[in-house]
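K.L.:
One letter stands for each residue in the lines below.
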Amino acid sequence: MTMALTAGVMAYAGGFRVSLQGVKQLAMAHTSAHAEDASVAFFNPAGISFIPSKLSVVAGGFGVSNQITFQNTSTLQQTETDNPLGTPIYAAVAYKVLDKLSVGFSFSTPFGSTIEWPTGWEGAEMVERLELKSYFFQPMLSVKLAPWASFGASYIYAKGKVDWTKRVTQLGGSLNLLDDEATGHGFGFGFYFQPDSQWDVSVAYRSPVDMKAENGKATFNVSQALFPNIGLAATGGVDTFKATLPLVDEITLGATYKVTPKWLLSADFNYHGWERYNKLTLDFANAPVGNQVSDPTVLVAPKNFKNAKTFRLGTQYMINDMIAARAGWYYDESPYSDENFIPETPSFDNYVVTAGVGLKFNKLGVDLSGAYAMPQSRKVSNAYNSFYGQAKAKVFYFGLGLSYNAF
Amino acid sequence: MKKIFLSSIAASLLLMSCKTDFDNDTQDVVVTSGDANFSKYIALGNSLTSGYRDNALYIDGQNESYPNMMATQMKLAGGGEFVQPLMADNNGGLVLGTTVIQGTKLFIESFANGSPVLKNVATAPTTNVATKLTGTINNMGVPGAKSFHLVAPGYGNIAGIQPGTANPYYVRFATSNTSTVAADAAAQKPTFFSLWIGNNDVLSYATNGGTNSTTVGNVTTYSTATVQTGTDVTTYRSNDISSPTLVAGAIKGVLDGLKAAGSTQGVIANIPYVTSIPFFTTVPYNPLTPAALGANITALNTSLYGPLKQALTAFGAGSRINLLSSTSANPVLIRDTSLSNLSVQLTAALTPSLGAATAAAFGQIYGQARQATAEDYILLTASSVIATVNPAAPAAINVNGVSFPLADQNVLTKTEAANVKTAVDAYNLQIANLATAYGLAFVNANAKMTELNSMSGIQFNGVKYTAKFVTGGTFSLDGVHLTGRGYALIANEFLKAINSKYRSTLPMVNPNSYTGVKFP
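Those protein sequence lines, which keep their order, are chains X and H.
In this text, residue positions in the first sequence follow the working numbering: the first is 1, and each later residue adds one.
In this text, residue positions in the second sequence follow the working numbering: the first is 1001, and each later residue adds one.
Calculated directly from the structure, the hints in this document are not laboratory data.
Check before you lean on any hint, since a few could be wrong.
[Unchecked claim] Listed next, the in silico DSS-like pairs over lysine-lysine satisfying Cα-Cα at most 30 Å (straight line): (1) Lys1019/H / Lys379/X; (2) Lys1448/H / Lys379/X; (3) Lys1464/H / Lys217/X; (4) Lys309/X / Lys1496/H; (5) Lys363/X / Lys100/X; (6) Lys1075/H / Lys379/X; (7) Lys1309/H / Lys379/X; (8) Lys1468/H / Lys279/X; (9) Lys1468/H / Lys394/X; (10) Lys279/X / Lys159/X; (11) Lys242/X / Lys1464/H; (12) Lys379/X / Lys1189/H.
[As the list claims (entries may be wrong)] Here are some, though not all, of the chain X residues that point toward chain H, as calculated from beta-carbon distances under 8 Å: (13) Thr73; (14) Thr75; (15) Thr169; (16) Ala225; (17) Leu226.
Virtual Cβ for every residue (Gly too), placed ideally from N, Cα, C.
Construct all of the structure, not just a fragment, from the sequences and the given hints.
P.N.:
Structure follows, in structure tokens:
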């Protein structure tokens, strides 16, 4: 007994990477070369050496509203997701132990989201609901190599959760895959330069993190009479599974130029290693619901992601000592072709405009930002799943961040 | 500079943002009928057209008939109401007076060793054949109808049910005791029709293993069915293969009748190779695994297969039987009436060792016996026969398919299967020609079924459908008729053919949204 299980995870743009790790940064198209406070820690560990205060603490959060629409041009059916508001959060602290040595810690949720299609919608065999969460814990060190240059490195400990419900049409029921104990490890490093008072240059690399689910729970909500047929008579339709989901690596090149003391321009280039997600393998302990001849309990679903780029342009203007006005624009490339579109991780080529204000009250900074995305509607022609049609999305973000440069 | 920077951003936004929406929103699409007029659609055919499944006709099944799905799409382009001769209940079966003449539908009671245990719903049918349906009947699919039945007067006469000249399903809505299905259809003056007929002209031969049966009292005897070449249907027995000339003539008769009534727009489908359906492909030719036979292998080889092979070899027919293997799966023993009968020779050869009486019995039993090959089809219904004890056989050799050959009616042999294929090919040639001659849309149902039966099957939105019994999703529990999902795949083929021929834009249906096999 086989069935077509298929696989993936979710996001709004650019695979399931959610580039929302700094409210101030988002206002300027989420560019990276900003070392005013500890929010630089996620972007580049080397950046913490250039924070103007000895101790800096930041925290922030976002709201992500997104809705995906799929239309089948052959049946004329149209379906919209009912996704809950996404809430990526972050926090960081940086402390100068010595003039040349800084330590920091960053907490972030750089990958994840929740997609919710209507129960029994036409792509239900692939996904009805998928919740993906990741938490990155990154201790880091940064050393000043020269007054104008630093090197920093971080260790990444990641925890994650996947909760995925899909139909198993041929068994007349549904399947839930749940794991909230997946973990992974990685690292990051970077160089940060301030060659003169006008320039900030940031070069950073963050490694891939393979999230390994060792003991996931697979629950088959199907007729009990079928349990023996799927090898789950003894467990009441519950199986375990193993899977690895790659959270891919990222290269970031960023620069900020102060045109005047009040006005700065920033640009970033990101390169995401999505090729690592070329397939998803689900290895069930007992249920023969896979597609491998050699082992029917192993399901391999092609993903065929490709490496993707992001271009960012941002600017900030200090209206006075207290108020900064910010704006930005970025283009984020979808990591797969129309032939590999999957409804569990709908991705689009995405143009985004951003804006925000920053308020300074002495040591405390309050930042507000918002972004409006213009994901490009696209064709869907996934032959592997015989899933054809068109997809579009509506996305906007808003964020509130606090920074405290203590002393 | 800031202004330039911002205005260039604004300009690029204007350029880009226009592509965020769909070029054509499906909610704004107007479905058109093209050159066709769908205002009165009539479907003609057999059980497949009626929505028959699980070996019965019942309301839920009828609602998921492919003509009903098509009519729903046609309503988007000027189509009218589509009335089906709905049964009285959801269990199926028919009563004539107080006699149950058709049983209720099959359901899966449980699974045993991975195989479904099928039972008939234990309820008395409530659909009374005598209750006449009047007025418009759009779905005129008649379960059991062969091509020539559509033009047979009296096929709807209630008095003809017992003698076998009438069909109870047609009796329910026939306009008179002498009417024909074709004439009743034409009289409704359809603006559009579908016709899928001819399956039963070969199917009953196949599902009965190429035999006809006669029941006298409680005793049923089987005889080899005929591949008919003549067109005199009075010489046909119920499981004979109809001659292609007769089939073509009957279909032409239906089309001419419709044409005379002004109905010239329609769609016609050809006949699938019936051997691709689960009824023929579920039971393997070699189900006798060493594990299943166990210690009996040696005994069977020594006392039965060995001596038989030796004797048969002496008569130049040694290839009929090989010794049972203790390492690989063994074929069942079958009776193939196309083999030359070696009863006399076997009796003579076995008499010295077995004695005259036993030898005579052996000779009679194994005279046309051989092991099945991959080219034979063991019928789904034989699964309840294989490895059971045959009470009519001598005690030592009474295990069906193991020591006693499976009867002819349990197997569609290679020769019989070839007869089926030859007939289907001939029918399909004629149907394609008629489609052209009458300017009709044409559905290659045979190609679709072949695709379904392939290893990769047919996929739709991530669901993989195959022709596998129960688990394939497309065939109902009788192994012959489709599920709602299977009928939806067929409906889409009809809709595509119609759109292509008549330049209409009827949308496809989503097979996943219909029902499949129901699990307990």
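K.L.:
Is the hint on Ala225/X kept, meaning its closest Cβ partner in chain H is under 8 Å away?
P.N.:
holds (4 Å)
K.L.:
For the pair supplied as a hint, Lys1464/H and Lys217/X, is the alpha-carbon distance within the 30 Å limit?
P.N.:
holds (24 Å)
K.L.:
Can the restraint linking Lys1309/H and Lys379/X be considered satisfied, given a maximum Cα separation of 30 Å?
P.N.:
violated (65 Å)
K.L.:
Would you mind confirming whether the straight-line C-alpha gap from Lys309/X to Lys1496/H stays at or under 30 Å?
P.N.:
Not OK: Lys309/X and Lys1496/H at ~41 Å, beyond 30 Å, violated.
K.L.:
Using the nearest Cβ pair, does Thr75/X come within less than 8 Å of chain H?
P.N.:
holds (5 Å)
K.L.:
Taking 30 Å as the top limit, are the C-alpha atoms of Lys363/X and Lys100/X close enough?
P.N.:
holds (23 Å)
K.L.:
Take the C-alpha atoms of Lys1448/H and Lys379/X, compute the straight-line distance between them, and say whether it is at most 30 Å.
P.N.:
holds (26 Å)
K.L.:
Could you grab the alpha-carbon distance between Lys242/X and Lys1464/H and see if it respects the 30 Å cut-off?
P.N.:
holds (24 Å)
K.L.:
Classify the hint on Leu226/X as holds or violated, based on whether any CB of chain H lies nearer than 8 Å to its CB.
P.N.:
holds (6 Å)
K.L.:
Would you settle whether the hint for Thr73/X is holds or violated, based on the nearest Cβ-Cβ distance to chain H being less than 8 Å?
P.N.:
This interface hint holds because 6 Å falls under the 8 Å limit.
K.L.:
Is Lys1468/H within 30 Å of Lys394/X, Cα to Cα?
P.N.:
violated (42 Å)
K.L.:
Measure nothing beyond the straight line between the CA atoms of Lys279/X and Lys159/X; if it is 30 Å or shorter, mark the hint as holding.
P.N.:
holds (21 Å)
Checked against the numbered hints given earlier, the structure breaks hints 4, 7, 9, 12 and satisfies all the rest.
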